[in-house]
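Participant: Chain by chain, the residues:
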Amino acid sequence: DAKTTQPPSMDCAEGRAANLPCNHSTISGNEYVYWYRQIHSQGPQYIIHGLKNNETNEMASLIITEDRKSSTLILPHATLRDTAVYYCIVRPYGGATNKLIFGTGTLLAVQP
Amino acid sequence: KAGVTQTPRYLIKTRGQQVTLSCSPISGHRSVSWYQQTPGQGLQFLFEYFSETQRNKGNFPGRFSGRQFSNSRSEMNVSTLELGDSALYLCASSLAGTQYFGPGTRLTVL
Numbered sequence: 020d021a022k023t024t025q026p027p028s029m030d031c032a033e034g035r036a037a038n039l040p041c042n043h044s045t046i047s048g049n050e051y052v053y054w055y056r057q058i059h060s061q062g063p064q065y066i067i068h069g070l071k072n073n074e075t076n077e078m079a080s081l082i083i084t085e086d087r088k089s090s091t092l093i094l095p096h097a098t099l100r101d102t103a104v105y106y107c108i109v110r111p112y113g114g115a116t117n118k119l120i121f122g123t124g125t126l127l128a129v130q131p
Numbered sequence: 505k506a507g508v509t510q511t512p513r514y515l516i517k518t519r520g521q522q523v524t525l526s527c528s529p530i531s532g533h534r535s536v537s538w539y540q541q542t543p544g545q546g547l548q549f550l551f552e553y554f555s556e557t558q559r560n561k562g563n564f565p566g567r568f569s570g571r572q573f574s575n576s577r578s579e580m581n582v583s584t585l586e587l588g589d590s591a592l593y594l595c596a597s598s599l600a601g602t603q604y605f606g607p608g609t610r611l612t613v614l
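Which chain is which? The protein sequence lines are A and B, in order. FYI, the numbering for the first sequence is 20 to 131, going by the working numbering. FYI, the numbering for the second sequence is 505 to 614, going by the working numbering.
Quick caveat, the hints were computed from the structure, so don't treat them as lab data. Among the clues, some could well be false.
To be verified - Counterexamples of contact, computed for chain A against chain B with all Cβ distances above 10 Å:
(1) Thr24
(2) Gly34
(3) Gly62
(4) Asn73
(5) Thr84
(6) Ile93
(7) Lys118
(8) Leu119
(9) Ile120
(10) Gly122
What the hints assert, rightly or not - Far from chain A, by Cβ distances over 10 Å, these chain B residues were calculated:
(11) Lys517
(12) Ser598
(13) Tyr604
Said to hold, decoys possible - The calculated DSBU-like cross-link candidates involving lysine-lysine, where the alpha carbons are at most 35 Å apart (straight line), are:
(14) B:Lys561 x A:Lys88
(15) B:Lys517 x A:Lys88
(16) B:Lys517 x A:Lys71
(17) A:Lys71 x B:Lys561
(18) B:Lys517 x B:Lys505
(19) A:Lys71 x B:Lys505
(20) A:Lys88 x A:Lys71
These numbers were taken from a predicted model, which means no experiment stands behind them. A virtual CB, placed ideally from N, CA and C, is assigned to each residue, including glycine.
Kindly produce the complete structure, drawing on both the sequences and the hints.
Facilitator: Here it is, written out as structure tokens:
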């Protein structure tokens, strides 16, 4: 079973920041938080991952709380093309497997 | 670098047939994983290969099998197709733990 909880859906106005929350209260010390998104019927796209520090790349920012029990993915200026299902996943980094366990994710709808 | 490629992109089969799907990972990636996505069950892990060895397997019947070649390319096979095997089959390759997905193969079983 997925170790994360996400709201099933969210709306965001185009041009505004989209803040997608994720709860992972049972995360272990060696587990990273990964974010992927899936635009309708395409393969999931890797966005970002982090352990305990905040991370930023060209797509998004990842804010992880100090106790690591929750995180927020931030899309700073959402566009219509950001409409997708966003998945938050926790998994050990490295190790014997790269297996990902997907939950149901959050459907982000960016409105014009 | 070219991304993960999967062939064919679309496939229609009838019940009882078998099918083989192909995946070419990103150059240099040695780990390949397969997932099945259906509306009812979501994204589910099938199996993972690393250096031609299966190192993890999901909870699927033995009709689902795979293999990996020395060049890291991978194939998965489904025998005796059932209607419920209709799904998007996704392949992902990994380097240093992060998986990158291909566009998928849409399989329809009639």
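Participant: Each hint should be assessed against the structure and marked as holding or not.
Facilitator: Results of checking the hints against the structure:
1. No Cβ of chain B comes within 10 Å of the Cβ of Thr24 of chain A; the nearest lies about 15 Å off, and the non-interface call holds.
2. Distance to chain B confirms Gly34 of chain A as a non-interface residue, since its nearest Cβ pair spans about 28 Å, more than 10 Å.
3. Not every beta carbon of chain B lies more than 10 Å from that of Gly62 of chain A, the smallest distance being close to 4 Å; the non-interface claim is violated.
4. For Asn73 of chain A, the requirement that its beta carbon stay farther than 10 Å from each beta carbon of chain B is met, with the minimum near 18 Å.
5. Every C-beta of chain B lies more than 10 Å from that of Thr84 of chain A, the closest at about 22 Å, which supports listing it as non-interface.
6. For Ile93 of chain A, the shortest C-beta to C-beta distance to chain B comes to about 20 Å, beyond the 10 Å cut-off, and the non-interface label holds.
7. Chain B draws Lys118 of chain A into its interface by the beta-carbon criterion, the shortest separation being 5 Å against a cut-off of 10 Å.
8. Taking the minimum C-beta to C-beta distance to chain B, about 6 Å, the non-interface status of Leu119 of chain A is violated against the 10 Å cut.
9. With a least beta-carbon separation of about 7 Å from chain B, Ile120 of chain A fails to lie farther than 10 Å from that chain, contradicting its non-interface assignment.
10. Not every beta carbon of chain B lies more than 10 Å from that of Gly122 of chain A, the smallest distance being close to 8 Å; the non-interface claim is violated.
11. The non-interface label for Lys517 of chain B is consistent with chain A: the shortest C-beta to C-beta separation is roughly 19 Å, beyond 10 Å.
12. Non-interface status of Ser598 of chain B relative to chain A is broken: a Cβ of that chain comes within 10 Å, the nearest being about 4 Å off.
13. Residue placement check: Tyr604 of chain B does not keep its beta carbon more than 10 Å from all beta carbons of chain A (closest about 6 Å).
14. Among the hinted pairs, Lys561 of chain B with Lys88 of chain A is consistent with the structure: their alpha-carbon atoms are about 28 Å apart, no more than 35 Å.
15. Restraint check for Lys517 of chain B and Lys88 of chain A: the C-alpha separation of about 45 Å exceeds 35 Å, so the hint is violated.
16. Restraint check: the Cα-Cα separation between Lys517 of chain B and Lys71 of chain A comes to about 47 Å, which exceeds 35 Å; the hinted pair is violated.
17. Between the alpha carbons of Lys71 of chain A and Lys561 of chain B the distance comes to roughly 29 Å, so the proposed pair stays at or under 35 Å and holds.
18. The straight-line distance between the Cα atoms of Lys517 of chain B and Lys505 of chain B is roughly 33 Å, inside the 35 Å bound, and the hint therefore holds.
19. Distance hint between Lys71 of chain A and Lys505 of chain B is fulfilled; the C-alpha atoms sit about 30 Å from each other, no more than 35 Å.
20. As the CA atoms of Lys88 of chain A and Lys71 of chain A are separated by approximately 10 Å, the hinted pair is consistent with the 35 Å bound.
When the structure is compared with the earlier hints, violations turn up for hints 3, 7, 8, 9, 10, 12, 13, 15 and 16 and for no others.
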